Structures are given as C-alpha cells and as structure tokens.
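Engineer: From first to last, the protein sequence lines are chains A and B. Residue numbering for the first sequence follows the numbering used here, beginning at 199 and increasing consecutively. Residue numbering for the second sequence follows the numbering used here, beginning at 199 and increasing consecutively.
Read the hints as simulated data drawn from the structure, not as lab findings. Mixed in with the good hints there might be a few duds.
Same chains, same label: a pair holds when it works inside one copy or across any pair of copies.
The calculated lysine to aspartate or glutamate pairs, modelled on DMTMM-like cross-linking and capped at a C-alpha distance of 25 Å, are [stated by the list, open to error]:
no., residue 1, residue 2
1, K318, D209
2, K318, D291
3, K318, D219
4, K318, D285
5, K318, D254
If you're wondering where the values come from, they're calculated on a predicted model, not measured in any experiment.
What follows is the residue order along each chain.
Number of protein chains: 2
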Amino acid sequence: MNRSAKSDSIDTHHLSSAILDNMVTSTLMLDEQLYVRYANPAAEQLFSQSARRIVDHPLSQLIQHASLDLALLTQPLQSGQSITDSDVTFVVDNRPLMLEVTVSPISWQRETLLLVEMRKIDQQRRLSQELNQHAQQQAAVQRSHPGSCMESAQVDWLAR
Amino acid sequence: MNRSAKSDSIDTHHLSSAILDNMVTSTLMLDEQLYVRYANPAAEQLFSQSARRIVDHPLSQLIQHASLDLALLTQPLQSGQSITDSDVTFVVDNRPLMLEVTVSPISWQRETLLLVEMRKIDQQRRLSQELNQHAQQQAAVQRSHPGSCMESAQVDWLAR
C-alpha cells in the first residue's frame with residue numbers, strides 16, 4: 199500500500215465525508231448562537247429530520263425539552279476545553295432520548311464553532327449485553343485451550 | 199447564509215476532515231484483516247502513536263491485551279449491522295483503557311471496510327459529574343423563576 203502524501207489529500211477529505219456519513223455518533227456543528235451549521239446522517243436520524251431542515255436552524259427548535267440548559271453548550275467557546283455530560287435527556291417528537299453529549303471547540307474558516315458528538319445510551323447498553331454474551335461464549339471456548347488461559351484471565355481482572 | 203449545493207461540496211469534504219481532526223471520538227477504519235487504513239487524531243492519542251505508526255499496521259499490534267476477541271470486530275462485514283460493546287478494556291502501553299466500542303460496515307472505493315468508533319468511559323463519567331453539578335446549580339436558579347418550573351420538572355422526571 200504505497201501512497202504519496204499529496205495524491206492522498208483529496209482522498210482523505212472524501213474519506214472523511216464517508217466516515218461521517220456512516221458513523222453511529224450523531225455529529226453537529228453549531229455557531230455561538232447555537233444555530234446548526236452541519237449535521238451528519240446519524241444526527242438527522244436522531245432528530246427525525248433531513249439535514250436541510252436542521253442546518254441553519256437553532257438547536258432549540260429541534261428539541262422540545264432538554265434536561266440541561268442548552269446555553270451551557272457554549273462553555274467550550276470560553277474555556278477552549280471539551281465538556282461531556284453522560285446523562286442528557288432530549289425530548290424529540292415526544293420521545294425521550296437518553297444521550298451522552300460531548301461539546302468541543304473547533305476552528306473553521308476563521309471562526310470558533312462548537313462540535314457536538316452525541317451517543318444514545320439505551321442502545322449502547324442493550325447491544326453491549328448481546329455482544330458480552332457472545333464474548334463469554336468465546337471465552338468458554340478459549341478456556342478449553344490452556345495456552346491462552348493466562349492472558350484472558352489477566353484481561354478479565356483489569357476489566358472489573 | 200445562502201449556499202449553492204455545488205460550491206458547497208468541496209467545503210463539505212474539508213469540513214468533514216476538520217470535524218474528524220477535532221472529534222473526541224477515536225475513529226479507525228480497518229480492513230477485513232483488521233489492518234488500520236485510517237486513524238483520526240483522537241485515535242492517535244488513544245494509542246499513544248502517530249497515525250504513521252498506526253496506519254497499515256494490524257490493530258493487534260497496537261493493543262497488548264483486549265477483553266474481547268478482536269476477531270469479533272469483523273462481524274459487521276457478515277451481518278451488515280453495527281455492533282457496540284460498552285465494556286471493552288484494551289491494554290495499551292501497560293495502561294488499561296476502558297472503552298465503549300462501536301463497529302459498523304462502511305463502503306469505500308468498492309471495498310467493505312470496518313468503521314470503529316471508540317469512547318473512553320472513565321473520562322466521560324468524571325466530566326459528567328462536574329457538568330451535572332453545574333446543571334443542578336442552574337436548575338436551582340431556574341426554580342426561583344416560577345415560569346420555567348413546570349418544564350424543568352417534566353424533564354427531571356424523564357431523565358430518571
């Protein structure tokens with residue numbers, strides 16, 4: 199896989215678009231008035247709206263109720279630091295969404311904007327249980343092969 | 199903010215790169231042999247390696263121990279579905295990293311690859327506590343304004 203850095207740069211930008219289009223993480227860019235400048239497909243799905251109806255609209259129009267004061271989301275513009283709240287509820291379309299929300303400052307075309315990353319919490323926990331069951335089955339299989347026993351025991355201990 | 203869709207497309211690709219460069223979510227693209235094809239800066243930081251030392255290397259070389267069988271990460275190539283495990287431990291540089299890991303299938307240049315999104319769990323919980331304290335202070339201020347009392351009570355109920 200030999201690549202020159204120069205020929206790669208256009209590819210990299212296209213790759214970045216493909217990644218954001220396929221991410222599970224709902225991603226928004228907001229200006230300091232909390233108007234949406236960008237929304238990826240996961241964010242469209244979260245808010246049950248097309249990007250056209252999200253972009254250039256205030257975030258507050260997309261959310262019926264929020265468990266935190268939306269004005270708090272501008273904190274990273276002052277502090278220059280990311281903030282994360284793992285226990286946010288947004289009510290959208292009369293449905294409560296349990297989310298983990300991270301907001302970071304981002305420089306874009308001489309402006310400082312807000313980059314918002316959102317993950318559903320319920321979905322994570324449910325899928326996690328399914329995968330853990332699978333992993334436990336795999337671990338049971340591994341235990342019958344003594345060679346890998348030590349390694350998996352160490353990792354189990356660290357995970358607790 | 200009037201924009202034409204065409205003149206926007208180059209901007210959109212550059213914007214996507216800026217977003218991935220600033221995200222807190224560690225993002226990797228892997229091929230079916232679990233070789234890394236792309237790593238964003240958050241992933242470089244997670245693995246304490248520059249992208250140059252990550253890209254074109256197998257994921258297994260970056261991780262000393264993993265609490266799940268890395269081969270499980272290829273599941274989305276067969277199922278076409280994302281999988282999430284919210285309780286993954288990777289040992290990197292002798293430090294245990296507690297992570298939530300989501301793997302999704304992604305089409306890129308006629309190949310189906312794996313898009314990996316990773317979030318640190320400890321960090322999330324710590325910062326969440328700080329922000330919750332701030333939010334509670336804000337809620338206390340709101341309670342002294344009866345007009346917004348009903349709304350915040352509803353959201354509190356939903357958040358439980």
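Engineer: State for each hint whether it applies.
Structural biologist: To see whether the hints hold, each was checked on the structure:
Within a single copy, K318 and D209 get their C-alpha atoms no closer than 30 Å, and across copies no closer than 29 Å, so neither meets the 25 Å cut-off. Only within a single protomer do K318 and D291 lie at most 25 Å apart by alpha-carbon distance; the minimum there is 16 Å, versus 30 Å between protomers. In this assembly of identical chains, K318 and D219 lie within 25 Å of each other by CA distance both inside one copy and across copies; the values are 17 Å within and 22 Å between. Taking the shortest alpha-carbon separations for K318 and D285, both the intra-copy value of 10 Å and the inter-copy value of 15 Å come in at or below 25 Å.
For the homomeric pair K318 and D254, the shortest alpha-carbon distance inside one copy (24 Å) is at most 25 Å, but the shortest distance between copies (31 Å) is not.
In terms of the numbered hints stated before, the structure departs from hint 1 and from no other.
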